[in-house]
Every structure is written in structure tokens, then in C-alpha cells.
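*Asks:* What follows is the residue order along each chain.
Protein chains: 2
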Amino acid sequence: MLEDKNQKRTSVSELGEFGLIDHLTEHFEITQESTVKGIGDDAAVIDFKDKKAVISTDLLIEGIHFDLSYMPLKHLGYKAVMVNLSDIYAMNAMATQITVSIAASNRFPLEALEELYSGVQLACRNYKVDLIGGDTTSSNKGLLISVTAIGEAKEEDLTYRNGAKENDLLVTTGDIGGAYMGLQILEREKEVFKVNPNNQPDLSPYSYIIERQLKPEARKDIPQLLKELEVKPTSMIDISDGLSSEILHLCKNSNVGCNLFEEKIPLDQQVISTCEEFELNSTTVALSGGEDYELLFTISQEDYPKIKANPHLTVIGHMTALSEGIHLITRANTKIPITSMGWSPFNEDKNNDKND
Amino acid sequence: MLEDKNQKRTSVSELGEFGLIDHLTEHFEITQESTVKGIGDDAAVIDFKDKKAVISTDLLIEGIHFDLSYMPLKHLGYKAVMVNLSDIYAMNAMATQITVSIAASNRFPLEALEELYSGVQLACRNYKVDLIGGDTTSSNKGLLISVTAIGEAKEEDLTYRNGAKENDLLVTTGDIGGAYMGLQILEREKEVFKVNPNNQPDLSPYSYIIERQLKPEARKDIPQLLKELEVKPTSMIDISDGLSSEILHLCKNSNVGCNLFEEKIPLDQQVISTCEEFELNSTTVALSGGEDYELLFTISQEDYPKIKANPHLTVIGHMTALSEGIHLITRANTKIPITSMGWSPFNEDKNNDKND
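Protein chains in written order, with our numbering: chain A, 31 to 386; chain B, 31 to 386.
For reference, chain A alone in the conformation it holds in the complex (with noise of 0.2 Å):
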């Protein structure tokens, strides 16, 4: 599988007092205008002007967020930051600063927590987001990495949850349902390791699936576009927990009703083949899988000329009266009450968000 073959173990006790965050971030970069002090003081000091600041943050630990026997350290050090950058960009804002905390226990060498950052590093350096600070720490047991995101936006350009109105389109950025079934993958393939370690799987007919899931990547273009094709989306949200529960809190916090369209789901041809070898429907995954971080918002429909012709956005419903309740139209046209098909953060492998 993909675990590391790298043996060399340097104990992390060795480099001493505060010498392992000096380490883990020495090429690190300042980037931002904004960053007026980074990592080592007190606090780090950020030059916003006059736009408003943005900030999200997010946990994610060991064997409830990702299981290191497929995800690789540098996978998800940088996956631990575009999750965060998702959510900063889902109010139609530009991410500047991060901070990253970790905690691992002492089964993790020093070598491990450089991959990890090397991960953190390289998202910094595609995003253009300066680390300014955090904390390290050791843990009883497991890894745990906690980022938060610093953005900025003009006041005109934020974009909350609750602005939907009757009659607006329902958007989607890319395509659904990827990064769950890339995991199913990966699960499989975990599932044959232990029986078989010297199985080499052919894994290149899901590799943008597994991409997907090990190197998602925040969608940091599209608030540029939107404000290229000068359209201001009436509300936004990313999609951290799948299509149904983001377009819940659409629904709920601009109280709101919604039709979402079965055919009109962006479903990678992967996605669909994937589905069907693992008896799976397709249109489930999409409401239900999560960790695609595409960009769901409404717009009003005088926008539409804008949008229809771009191959990074669909139209898959549009929202009605509260009274008329939250649909899924399917294929059939036959009308599907959706619900929170859920997960509660206690019994599943998810979190529960509030700035997510």
C-alpha cells in the first residue's frame, strides 16, 4: 500500500526546547502583505486595512478524520489546510494566513512530522497562504492536526448562508461524490493488505477518485470567477458533508425550500463506473458521501447567462417558498423528501462543524 518506506527515525526529544516548530517550519515563506508578524511571538499580527477578516477552523484526528495505513503524512498535511481554505472561500473570500497545531504521540519520528508539513508547506505555496503560528504538542495517543484559516474579503463580496431567495439557482462547482467512493477504494484495498501485503492492486482506473480523497483541492478559483463573470452569489457553502446536508443549511438558515434535480448531479464517469462495481446508487453517494469541498451557492436567476456556458458550473435545482419543503426530483419525476441523511458526530466518522 502506500505507507512510508522511509526507516529513518529521528526521535523528536532530540531537537529540544521550541526547536521543533523552528525546525518543521524554517522554509517556510511570508507571502502576504498582510502578514505583519508570523510565527514566533505571542501572538501573530495580520494587516487587514479596511476588509473584513475571515476565520474557520477545523480538527482532524486520527481514526475519525483519516487512517495513515492509506493516507499518506504530506497527503494529509495538506488536505488538513484545504479544508479549512474551503471554508474561508465558501464566504467568496480569499484565504491569507494559516495557523496549524499538532499533536502525535511518540510513535511519530521526526521524519514523519517533516512529511506532514511538507504537506502543509506545499498547500501553502499553491494557495499563497502564509503559516503565521501554532502549536506542538505530544499526545497520549494518535496524531491530531488543528488549523485555522484567516481570510479577507470586502465587506460587498461576503457571502453568508442566509441570503438565499425564492426562485434563485442552486449552483454546484465541479463534480459530486468523488472523494467517497476514491475512500471506498482505499478501504478495499486496506481490507486486501491485510489479507494479501504482497498484492500490487491496479489502482490507475480510480486515480482521480483516490486523488480525490488523499489531495482534495479547495476551490480558491472560483471566487475569482464569480467575480470575473460579475455575478455575487445570493448565499454559499462548501461541501464538507455531502450535497443533502449542505443544502439543509442553505435551506435552513435563508429559510428557504429547494428542488434539486437527480439528473442534473455532476458525476464523474469514475464515479458512476465505481458505484455500479460496488452496487452503490450513485445519487446516494452524492447526497450523502462528503469531503468533495466543491462550492454549492444560489444565484439570483437574472445571472444565469453568465454561469451557462462555464464547465466548472452546474445548475442542479433551485430554491421555492419554505412551505414547499426541501425536494430531491429524481429521474423519474417523482418528488423525495430530503433529510439530514445523516450521520451524528458521536456515532459516525464525521465531525460536526459549526464554521465549517
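Note that these hints are calculated values from the structure, not bench results.
Some hints could be false.
Because identical chains cannot be distinguished in the list, a pair is counted as satisfied if it fits within a single copy or across any two copies.
Said to hold, decoys possible - Mimicking EDC-like on lysine to aspartate or glutamate, the simulated pairs with C-alpha atoms at most 20 Å apart in a straight line are:
1) Lys282 - Asp52
2) Lys171 - Asp97
3) Lys184 - Asp77
4) Lys79 - Glu63
5) Lys282 - Glu56
6) Lys245 - Asp205
7) Lys79 - Asp187
8) Lys336 - Asp251
9) Lys257 - Asp80
10) Lys79 - Glu186
11) Lys245 - Glu145
12) Lys257 - Glu186
13) Lys336 - Asp80
Start from chain A and add chain B according to the hints.
*Replies:* Only chain B this time, still in chain A's reference frame:
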């Protein structure tokens, strides 16, 4: 001991999706003018106008940073906030908002998390900060709290660790060593409790130092006081890891040496008497103890008349040329080099926090 006698246990999963944070935070109020959007969207929004934003973050982990056998959950919530606010005040800034993320195993019922949040809420009220976000998730083992604090300051007020100059005076607020000695008392009573659970110890002779450990207060008053006294510190840090560690930070960042006078270190009478009882050297306790959350700063000598009568402030030394090194001048007038009497984050029960 201090264990919770409340036997009511509501499973957290009963609250269902997204209900937990709603429930835990429903009585929190927004008091800061700069809080544009708090909990309930992808990210919180803060308006700092022409001020600088200041950010700090800390992780607290059960078994590493706290022991629930003597730390009541309400106190833990309170202390987790204090640890972070202290970092903001150490920038000579005012704290304005916090995010609080928790991971809890299923051994924590709803009532336990309510207790924890009641401490967070009390801290928010006492210190006039707004809770604006966070993440709540399950853990495989134990309890973890991650707090990020946000503050603001005018650029000219911000105080870093790197501004101390030769001949500056070294000043501490309050008194030192109490939190560490309080911990010694609590650890001792825990052992007594294991042997004889019916023992009712008289802890009244230790009330101050136990409170220093269980319910520390961050020095919000000091940035205000310094402003009133018209003193701008040349450098500042909070005393989270013991005096020696913080002095080393200031000296390293400012490229200066330091003479610290043993006889000047302010000690409470309970610290002195408890050190005698435990046969510990009180100076060693002050140098290495930690968790006092007082502020340590340097001022220009010409500002001395402004602070000398103040009961909150004690001059404990002065900065020297870098080449003179960093020394403790003992009561017997001998010079002892101050080294990081140290702990290492992955060996002992402390953390390694770059924005600490």
C-alpha cells in the same frame, strides 16, 4: 476530591446533527463591535478597521496538559481560554474573539461538555471576548481543547519579543511559582485520595496557589495599566513556561543578555511556605514552574519612575550586552547562568508553542 457528583448523563449523539454546538453555545452573547458574523457560517467575519489583528492558538490535551481527576471541567474551559488570552495581552493587544474546538471521547456525556462550555462562557463574559466559531468532534480517547484567540491593537502599541535593549529594566507582573506549587498540592491529594477516598483534606492553607493552578487569570489589566502609565514596553512575553524560559526567549529574540536578581522575584507567602513543606527551592520553582500567566516585559530605564510605586509590577532585573550572558544573581551575590532548565515538549508534560 473535586470530582463531579452530577450523575445525569445525556448521550451527545441524542442531539443529532449540528445540534451539539448550537446547544453548547446558545447562551453565548456577542459583545464586540468588531464581530460581524459569529458561529453559524463557513467562517466567522471580523472587522478590524484600521487596527492590527493579533492571532494566537493553543492545544490542551488530557493527560498531557490537564488531569480531570482534580481539574473540574468548568475550570478547564476557563483556563483554556486564559492560556490564549494571555498570549494576546503579551502583545500589548486587547483580546476580542475566540474559537474553541473540542474533541471528546464517548465517555463524556452532554453534561460534561456543558460544564466545559460554562467555563468558556464565564471566561468570555469576564474578559469581554466573543466566541465566534469552532469545531466539535469525537475522539478515540480523552478530551482535547484547541483555542484560537484573536485580538486587536494599534500598530504603535504592539509589543514583540525582540525590542529589549541593553540597560532596559526587566519587569514582572504579580507573583511567580504559585501555579506550580498548586499543582504539587493537587498531585499529592490525588495520591492520598487513591489510598483513602474518605479523607477530607483541609486545603484552605493552599487556597491561593490551588486557584493559581485551577483558575488562572490572564492579565487583561496590564496593557490598560501600561497605557495609563504611558509606558510602552520594549519587549513582552507571557510567563507560561517559567521565568527562565521566558527570559531566554526575550534575550534570544532581542540579542541581549540579562541579570535576574533572585531577591527581587515576587513570591506569595503560600508559595514560600509550601516550597518549605515540599523541600523545594522557591527560586527554582519560579524559574521553571510555569503556568502563572503573568506578563514579563522590559522597559526603558527612564520609564522607571512611572512604574515604581505600582503594586502590580516588580522590577526583577535588567538587560545587559549580549556578550555578558544571561545570569541569575543570587542572594549570596553569585552569578549562575540561566539555561533552559528544561523540559522538552515530547519528554515532559508541557507544550512547545511558537505563538505561546
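*Asks:* Now tell me if each hint is right for this structure.
*Replies:* Cross-check of the supplied hints:
1. Lys282 - Asp52: Between. Shortest inter-copy distance 14 Å satisfies the 20 Å Cα cut-off; intra-copy 45 Å does not.
2. Lys171 - Asp97: both (14 Å within a copy, 16 Å between copies)
3. Lys184 - Asp77: So Lys184 and Asp77 pass the 20 Å test inside a copy (14 Å) and across (10 Å) alike.
4. Lys79 - Glu63: Answer is both; intra-copy 11 Å and inter-copy 16 Å each pass.
5. Lys282 - Glu56: between (45 Å within a copy, 17 Å between copies)
6. Lys245 - Asp205: Within one copy only: 15 Å inside a chain, 50 Å across chains, cut-off 20 Å.
7. Lys79 - Asp187: both (16 Å within a copy, 16 Å between copies)
8. Lys336 - Asp251: within (16 Å within a copy, 54 Å between copies)
9. Lys257 - Asp80: The answer is within: 19 Å in one copy meets 20 Å, while 25 Å across copies does not.
10. Lys79 - Glu186: both (15 Å within a copy, 15 Å between copies)
11. Lys245 - Glu145: Result: close within a single copy only, 14 Å intra versus 38 Å inter.
12. Lys257 - Glu186: within (12 Å within a copy, 36 Å between copies)
13. Lys336 - Asp80: neither (29 Å within a copy, 36 Å between copies)
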